[in-house]
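2 protein chains.
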Amino acid sequence: MTPSIATGKPTVSVGIDLGGTTLTAVVVDREGKRLADRTTPADVHGGPDSVISDMVELVDAVLTEASLDRKAIIGVGVAAPGPLSPSKPACRRSGRIICSANLPGWVDVPLCDRLGEALDVSITLENDGNAAAFGEFWLGAGKDGADLVMLTLGTGVGAGVILNGQVLRGHFENAGELGHMIVVHDGLLCTCGQRGCLEQYASAGAVARRAAASIERGDSSSLTEAVKNGTPINSETVVSCARAGDELCMRIWDEACFHLGVACITIQHAFNPKRIVLGGGMSEAGSFLVDRVTHHLHRQRWTLHEDLPLIVPAGLGRNAGAIGAAGLALQNRVKSED
Amino acid sequence: MTPSIATGKPTVSVGIDLGGTTLTAVVVDREGKRLADRTTPADVHGGPDSVISDMVELVDAVLTEASLDRKAIIGVGVAAPGPLSPSKPACRRSGRIICSANLPGWVDVPLCDRLGEALDVSITLENDGNAAAFGEFWLGAGKDGADLVMLTLGTGVGAGVILNGQVLRGHFENAGELGHMIVVHDGLLCTCGQRGCLEQYASAGAVARRAAASIERGDSSSLTEAVKNGTPINSETVVSCARAGDELCMRIWDEACFHLGVACITIQHAFNPKRIVLGGGMSEAGSFLVDRVTHHLHRQRWTLHEDLPLIVPAGLGRNAGAIGAAGLALQNRVKSED
Numbered sequence: 007m008t009p010s011i012a013t014g015k016p017t018v019s020v021g022i023d024l025g026g027t028t029l030t031a032v033v034v035d036r037e038g039k040r041l042a043d044r045t046t047p048a049d050v051h052g053g054p055d056s057v058i059s060d061m062v063e064l065v066d067a068v069l070t071e072a073s074l075d076r077k078a079i080i081g082v083g084v085a086a087p088g089p090l091s092p093s094k095p096a097c098r099r100s101g102r103i104i105c106s107a108n109l110p111g112w113v114d115v116p117l118c119d120r121l122g123e124a125l126d127v128s129i130t131l132e133n134d135g136n137a138a139a140f141g142e143f144w145l146g147a148g149k150d151g152a153d154l155v156m157l158t159l160g161t162g163v164g165a166g167v168i169l170n171g172q173v174l175r176g177h178f179e180n181a182g183e184l185g186h187m188i189v190v191h192d193g194l195l196c197t198c199g200q201r202g203c204l205e206q207y208a209s210a211g212a213v214a215r216r217a218a219a220s221i222e223r224g225d226s227s228s229l230t231e232a233v234k235n236g237t238p239i240n241s242e243t244v245v246s247c248a249r250a251g252d253e254l255c256m257r258i259w260d261e262a263c264f265h266l267g268v269a270c271i272t273i274q275h276a277f278n279p280k281r282i283v284l285g286g287g288m289s290e291a292g293s294f295l296v297d298r299v300t301h302h303l304h305r306q307r308w309t310l311h312e313d314l315p316l317i318v319p320a321g322l323g324r325n326a327g328a329i330g331a332a333g334l335a336l337q338n339r340v341k342s343e344d
Numbered sequence: 007m008t009p010s011i012a013t014g015k016p017t018v019s020v021g022i023d024l025g026g027t028t029l030t031a032v033v034v035d036r037e038g039k040r041l042a043d044r045t046t047p048a049d050v051h052g053g054p055d056s057v058i059s060d061m062v063e064l065v066d067a068v069l070t071e072a073s074l075d076r077k078a079i080i081g082v083g084v085a086a087p088g089p090l091s092p093s094k095p096a097c098r099r100s101g102r103i104i105c106s107a108n109l110p111g112w113v114d115v116p117l118c119d120r121l122g123e124a125l126d127v128s129i130t131l132e133n134d135g136n137a138a139a140f141g142e143f144w145l146g147a148g149k150d151g152a153d154l155v156m157l158t159l160g161t162g163v164g165a166g167v168i169l170n171g172q173v174l175r176g177h178f179e180n181a182g183e184l185g186h187m188i189v190v191h192d193g194l195l196c197t198c199g200q201r202g203c204l205e206q207y208a209s210a211g212a213v214a215r216r217a218a219a220s221i222e223r224g225d226s227s228s229l230t231e232a233v234k235n236g237t238p239i240n241s242e243t244v245v246s247c248a249r250a251g252d253e254l255c256m257r258i259w260d261e262a263c264f265h266l267g268v269a270c271i272t273i274q275h276a277f278n279p280k281r282i283v284l285g286g287g288m289s290e291a292g293s294f295l296v297d298r299v300t301h302h303l304h305r306q307r308w309t310l311h312e313d314l315p316l317i318v319p320a321g322l323g324r325n326a327g328a329i330g331a332a333g334l335a336l337q338n339r340v341k342s343e344d
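From first to last, the protein sequence lines stand for chains A and B.
Heads up: the first sequence is residues 7 to 344, going by this note's numbering.
Heads up: the second sequence is residues 7 to 344, going by this note's numbering.
It is possible that part of the hints are untrue.
Copies of the same chain are indistinguishable here, so a pair counts whether it falls within one copy or spans any two.
[Said to hold, decoys possible] Here are the computed lysine-lysine pairs in the DSSO-like style, where the Cα-Cα straight-line distance is at most 30 Å:
| no. | residue 1 | residue 2 |
| --- | --- | --- |
| 1 | 280 | 39 |
| 2 | 341 | 149 |
| 3 | 234 | 280 |
| 4 | 15 | 280 |
| 5 | 280 | 341 |
| 6 | 149 | 234 |
No lab work stands behind these hints, which were simulated from the structure alone.
Values in this document were obtained by computation on a predicted structure and should not be read as measured data.
Starting from the given sequences, assemble the full structure and let the hints guide the process.
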C-alpha cells in the first residue's frame with residue numbers, strides 16, 4: 007500500500023542535497039522506493055536563513071507531489087558540502103555546517119537545530135560526498151551491499167567510503183576526503199592549501215581548466231571551433247572533441263583518467279573495496295571514462311593478490327546525494343531506536 | 007592472582023610472529039599483561055612442516071617460562087606475511103597462508119588447521135602488518151582506543167588500519183596494504199609488480215639500497231669510511247652518519263621521510279585516524295624519524311579542517327606482531343562466544 011495523507015503514519019524519509027547552486031529533495035520510503043523528487047535553484051549567497059526557509063518549502067512541495075504531508079516523515083537527511091560536524095545517531099539534532107568554500111558566509115551554522123525546529127522532525131546532516139556514496143550503496147551501483155568507495159568528479163572531487171554498510175567517518179569525522187590525496191609532488195595549488203591534490207588533475211573542473219589554458223596558449227584543437235559561438239569549455243565539450251578524435255582533448259582526458267587510475271590503486275590497497283563508483287559531471291562520459299580509468303588501473307596491477315576493484319559508473323545520477331541523505335536519516339533513526 | 011599450572015583454567019593467549027628469519031612467541035593474559043616472550047630462528051626455507059613443529063615447541067617453551075601449560079590457553083594467534091586468508095570469528099580453524107615473498111614455497115598452507123590440530127586449540131591467523139597495528143592499538147602507542155594506522159618500516163613497508171577497535175580487512179580481505187600506495191608515477195619496480203610503491207622509497211630496505219647505490223657510484227660520504235671494515239650498509243648506518251652531519255645520508259634519509267610525510271597526508275584524508283604509528287627498523291631512529299616525517303606532513307597541511315594525525319613511534323618494538331596476534335586471538339574468541 008502506498009503511504010498516504012489519509013493514514014498519516016511516518017513511512018518515508020526526505021533527503022535534501024544542498025549544492026552551491028541548487029537544492030534537490032527526494033522522498034523515499036523504507037523499502038527504497040523513490041516517490042518524488044524536485045530541484046530548485048539555491049541562493050546560498052543569501053545566507054542560511056533564506057536557504058533554510060527554501061528547504062522547508064521544498065520539503066512540503068515534494069511531499070505534496072508524493073501525496074503525503076509532514077506526518078509521513080520518519081526523518082530528514084541533508085547532504086551539504088563539508089567540512090561539517092555530522093549528526094551522530096544518539097543526538098536528535100546536532101549536525102552543524104562548520105564552513106565550506108561552496109557556502110560563502112556559512113560559518114558554524116546549526117543546520118540540524120534550525121531545520122529540525124522548522125519541520126519538527128529529526129535531521130541528519132552528512133557531507134555530500136559521503137551521502138552520495140551511501141546513496142549508491144543503498145539504491146545505486148553498489149546495492150549488493152559490498153564495500154564501496156565513490157568518487158564524485160565535479161567541480162572538485164568529492165568522495166565517500168562505505169565499509170560494512172556504514173559511512174567511514176574517522177576520528178576527526180572527516181575521513182574519505184580522497185580528492186585531496188596528493189598525486190603530484192609540489193604540484194598545482196589546491197583551494198584546500200595543499201599542492202598536487204587529485205582534484206586539481208582529475209575533476210571536471212580540472213579538465214576544463216587544462217583545456218582552456220591550452221586553447222589560450224594557442225594549441226591546435228577542434229575545441230577552438232567547438233566553443234567559438236560562446237559554448238563554454240567544460241568537461242563535456244572536451245569529451246565530445248576527444249570522442250571525435252581531437253588529439254589535445256584526448257591527451258587532456260587521458261591524463262585525468264591516468265591520475266584516477268593511479269588513485270584507484272591507492273584506494274584498492276587502502277580500503278580493498280569491491281567497487282569504486284565514479285559519479286559527478288565527468289561520469290556522464292560513461293564508458294569513455296570508466297574504460298580509460300580501468301585501463302590505467304590494470305596497467306599497474308600487482309601480482310600479490312586477486313583484489314582489483316571494479317570501476318563502475320554511478321547509478322543514481324545527480325540525485326545520489328539527496329537519496330543517500332534520505333537513507334542515512336532512516337539508518338540514523340533505526341540506530342537511535344536500538 | 008597469576009594464572010598457574012595448578013589451576014589449569016584457560017586464562018592466557020599466545021601470539022606467534024612468523025617472520026622471514028625469526029619466530030617470536032608471547033604469552034599475554036586477558037588484561038594485557040605480558041607474562042613471557044621468546045624468539046628463535048625460523049627456518050622458513052625448510053617448509054611448513056618443520057616450522058609448524060618449531061611453533062609448537064616454542065609455544066610450550068614460552069608457556070613453561072610463564073609457569074603455565076597448554077590448558078591455560080584461550081587461543082593462539084599467528085601473525086604471518088601476507089597475502090593470506092585470515093581467520094574469521096565464526097570459523098574455528100580456517101586461516102590459510104596463500105603465498106608470500108618471505109615464505110618461499112609456502113603455497114596455500116592451511117596453517118590454522120595444522121597448528122590447531124597439533125596444539126588442540128583455536129588458531130587465529132592475521133597478516134603481520136595488521137597484527138602489529140592491533141598490538142599497538144591494544145597495548146602500545148594507541149592504547150587509548152582511538153583509530154590508528156600503523157606503518158612498519160622494515161625490509162618493505164607493512165601496514166595495518168584499526169577502525170573502531172577492529173582490523174580493517176575490506177571486501178577482498180587485503181585492506182591496509184599501504185606500502186603499495188603509488189608515490190612516484192612509473193617509479194622504481196616493486197616486488198609486487200607495480201612501479202613507484204611507497205616501500206621502494208621509504209622502507210629501511212629502500213634507504214639501505216639507495217645508500218649502497220650512491221657509494222657504488224662513488225658519491226662522497228662518511229658512510230664509505232663507516233662500512234670499510236665490513237659493517238653492512240643498512241638504515242642504521244645511514245642514520246648514524248646522517249646524525250653526524252653527513253650530507254648524502256641526510257639527503258637519503260630526508261627523502262624517505264618526505265615520501266612518508268606525503269603518504270601520511272593521503273592516510274589522513276583516507277582514514278582520518280588520530281595517530282599514525284611508525285614501527286619497524288627505521289623507527290629505531292626515534293625522533294630523528296618522527297620529527298622529519300611530521301615536518302613534511304605539516305609543510306603541506308590543508309586549511310579545511312583541523313584533522314592532522316599525530317605521528318608517533320611504535321611502543322612495542324619487535325614484539326608488536328606477536329602481541330597483536332595474541333590480542334586478536336582473544337578478540338576472536340570473544341566474538342565466537344557472542
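Here is what the structure says about each hint:
1. 280 to 39: within (25 Å within a copy, 39 Å between copies)
2. 341 to 149: Cα proximity of residue 341 and residue 149: in one copy and across copies (20 Å, 27 Å).
3. 234 to 280: neither (43 Å within a copy, 51 Å between copies)
4. 15 to 280: neither (38 Å within a copy, 43 Å between copies)
5. 280 to 341: Answer is both: 26 Å inside a copy and 25 Å across each meet the 30 Å cutoff.
6. 149 to 234: neither (43 Å within a copy, 62 Å between copies)
Violated hints, listed in ascending order, are 3, 4, 6; each of the other numbered hints is respected by the structure.
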